[in-house]
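Participant: So you can see what is in the structure, the chains are spelled out below.
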Amino acid sequence: MDNETFYRAKYDGSKKFHQHDIQTANATGFGAAADDYMERGIDLNEQLIKNKPATFFFRMNSDAMIGAGIHIGDTLIVDRSIKPTNGKVIVAIMEGELLVRRLQKNINSVTLISENKKFRDIPLSVFDDRTNVWGVVTYVIHTP
Amino acid sequence: MKNFLPKQNSPFRGLGGMKAIVDCNSFYCSCERLFRPDLANKPVVVLSNNDGCIISRSDEAKKLGVQMAGPYFKAKPLIEKYGVTTFSSNYHLYGDLSWRVMETLRTLVGKENVEVYSVDESFLDLHHIPSNELITASKEMKNIVEQWTGIKVSIGVAPTKVLSKVANRLSKKNKIETDCVMVLDDKEKINDALRRTSVEDIWGVGFQYATKLRQLRINTAFDLKQMSTAWAHRHLGGVVGVRLIKELNGEPAIEMEDELINKKMIATTRMFGQPVTKIKDIKEAIATYTSRAAEKLRRQNSAAKTIGVFIVPKQESHTTHFRHGPSVGTYIHLPVATSITNELIKPAVQLVDRLFEEGNIYKKAGVMLSNIVPDTSIQGNLFLPEIKNNQRLLMNMIDNVNFSMRDDVLKFAASGTTRDWKMRQELRSKRYTTRWNELFEIK
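As they're listed, the protein sequences go chains A and B. Per our numbering, residue 1 is the first one in the first sequence, and the count goes up by one each step. Per our numbering, residue 1001 is the first one in the second sequence, and the count goes up by one each step.
Don't read these hints as lab results, they were simulated from the structure. None of these values were measured; they are calculated from a predicted model. Note that beta-carbon positions come from the ideal geometry of N, C-alpha and C, so glycine has one too. Hints may be right or wrong, so weigh each one.
[What the hints assert, rightly or not] Distance condition first, Cα-Cα at most 16 Å in a straight line; then the derived EDC-like pairs of lysine to aspartate or glutamate: (1) K1172(B) <-> E1133(B); (2) K52(A) <-> D79(A); (3) K88(A) <-> E46(A); (4) K1042(B) <-> E97(A); (5) K50(A) <-> E1103(B); (6) K1443(B) <-> D121(A); (7) K1443(B) <-> E95(A); (8) K1443(B) <-> E115(A); (9) K1305(B) <-> D1375(B); (10) K1443(B) <-> D43(A); (11) K1042(B) <-> E95(A); (12) K1443(B) <-> D74(A); (13) K1443(B) <-> D63(A); (14) K52(A) <-> E1103(B); (15) K1187(B) <-> E1103(B); (16) K52(A) <-> D1096(B).
[Stated by the list, open to error] From the derived model, a few chain A residues whose C-beta atoms are all more than 12 Å from chain B: (17) L48; (18) S81; (19) K88; (20) I107; (21) V110.
Given only the sequences and the hints, what does the whole structure look like? Please build it.
Facilitator: Okay, here's the thing in structure tokens:
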């Protein structure tokens, strides 16, 4: 079966709101004019979570990806429904362990790249999207 | 991706089309494995509340001979010998992953075509999928669920719910051969599947009926299918039996149900972490269960008129068998239906006074709320004295705080503070998907 097809399903359930969620100024006098311009507030879920049933959070606990701006203590948002293409930062499954690394896919080789010179890159002779990839990191939440 | 959504809300929904049952494979074990890839292909078991029984086994554990629903202590030698990884149940994790699986299915086939049947099973109405595409569509659905949620499922497809269950069971039995998908779309396939299904493995046939059928030399589902509906009416529990025969013959008799939103009865029951002998401890436990049940009641905007309490004493026994005695229970009708926790705790605790016998050792207790009606005390009711409304507002506040802070930070003093009777969960994994401070730490 064509592996490509699994990644294209559309999920629109992350944004659940209706008109009553819009705040009103609740003013009896002049404030009412502002109500005409009142919008739904910014919701982080809308921006950071595209596919809720497929999205998971992780806590970074190493400096292996410091070059990619991922620090110890950061929260990673991981979407399992995104295709792990070349260059994406992924949660990889390596010998029963979960690792965050950048995926480098060439014509005949796959390497898990660490963005920290202290760590060695991991070349893989056998690689399969379904057994070696847990999910794709879509956002990093970092406290400056 | 192929679009599985119906073009429009079809008037033929539930009529003549195919139905599917999607069932998660060893669900609790699969949930535990999601964050433990090192356990793939290794034997895993999950224990019930209180670490009493085995309630989920991976295929590898089944092969080792670990019994389902068997007491943990009995299987322990086997578990230790083969190094079976054991978990206490982590319902926070399972509940979240269950929602993800069901939500994925709703996205795929439309929420009006999904009937959540249990924590790990859903019926799907597939009337809108052309018959020649059922296999490909089912396989793709299976793959997408696994891709998105990490949970492996099996799918059985057939003209009726009972037959879809038959298909599902066979697909699970031969995972490699079937790729966890079986579609029974013609008479030959149906008959073949029924011949391979014993009567006790048919959905809805319990132990007693199975024994009865075996005595009548009705051994397989295929044998049962040949029986007349009149016979079933007489010997298989009336209407229920007739439905079963019809369903086995490919004639839908159990329709898709709309999701059960408001429960008609709410129960909270638990085993104690250790045997309890003091009335004070039982009262605390009952008060805690009552709070939980009342919270569930308010969540569906209902109130209850009847409250029941039961406690289960340990039976005097000289064997090491895992058994508890008959439960003792009683109930009272309240003057008015209520959802206010303290108004429910008071009668519940009084009921404990009536049931408790000094000298007994208790293992388990439970609270049941029934006679459930819509809650009229929700704010805005002009016909109630205001004082009552304040109570409801207080409940809202408690629920909000507990919902956002979790772990019941606000509770009634009657629930106690020490909780000596609390459940044992020694081997529970982290709540990776529901708690910020328990996220998976990755390298």
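Participant: Does K1443(B) pair with E115(A) here, judged by a C-alpha cut-off of 16 Å?
Facilitator: Satisfied, since the Cα-Cα distance of roughly 12 Å is no more than 16 Å.
Participant: Taken at face value, is the distance from the CA of E95(A) to the CA of K1443(B) at most 16 Å?
Facilitator: It holds: about 13 Å lies between the C-alpha atoms, which stays within 16 Å.
Participant: Can we confirm that no CB of chain B comes within 12 Å of the CB of I107(A)?
Facilitator: 25 Å, holds
Participant: Checking a non-interface call: every C-beta of chain B should be farther than 12 Å from the C-beta of V110(A). Is that right?
Facilitator: V110(A) is indeed farther than 12 Å from all Cβ atoms of chain B, at 18 Å.
Participant: Can we trust that S81(A) is non-interface, i.e. its beta-carbon lies farther than 12 Å from all of chain B?
Facilitator: 5 Å, violated
Participant: Check whether the Cα positions of K1305(B) and D1375(B) lie no farther apart than 16 Å.
Facilitator: 11 Å, holds
Participant: For the pair supplied as a hint, K88(A) and E46(A), is the alpha-carbon distance within the 16 Å limit?
Facilitator: Given that 16 Å is the threshold and the Cα spacing comes to 21 Å, the pair is violated.
Participant: Check the hint pairing K1042(B) with E97(A) against an upper bound of 16 Å on the C-alpha distance.
Facilitator: Cα-Cα ~14 Å, so holds.
Participant: Would you check the hint for K52(A) and D1096(B), treating anything up to 16 Å between C-alpha atoms as holding?
Facilitator: 11 Å, holds
Participant: Against the 16 Å threshold, does the CA-CA distance of K1187(B) and E1103(B) hold or violate the hint?
Facilitator: 33 Å, violated
Participant: Going straight from one Cα to the other, do K52(A) and D79(A) come out at no more than 16 Å?
Facilitator: Cα-Cα ~8 Å, so holds.
Participant: If I take the minimum Cβ distance from K88(A) to any residue of chain B, is it greater than 12 Å?
Facilitator: 15 Å, holds
Hint violations for this structure: numbers 1, 3, 10, 15 and 18, all remaining hints satisfied.
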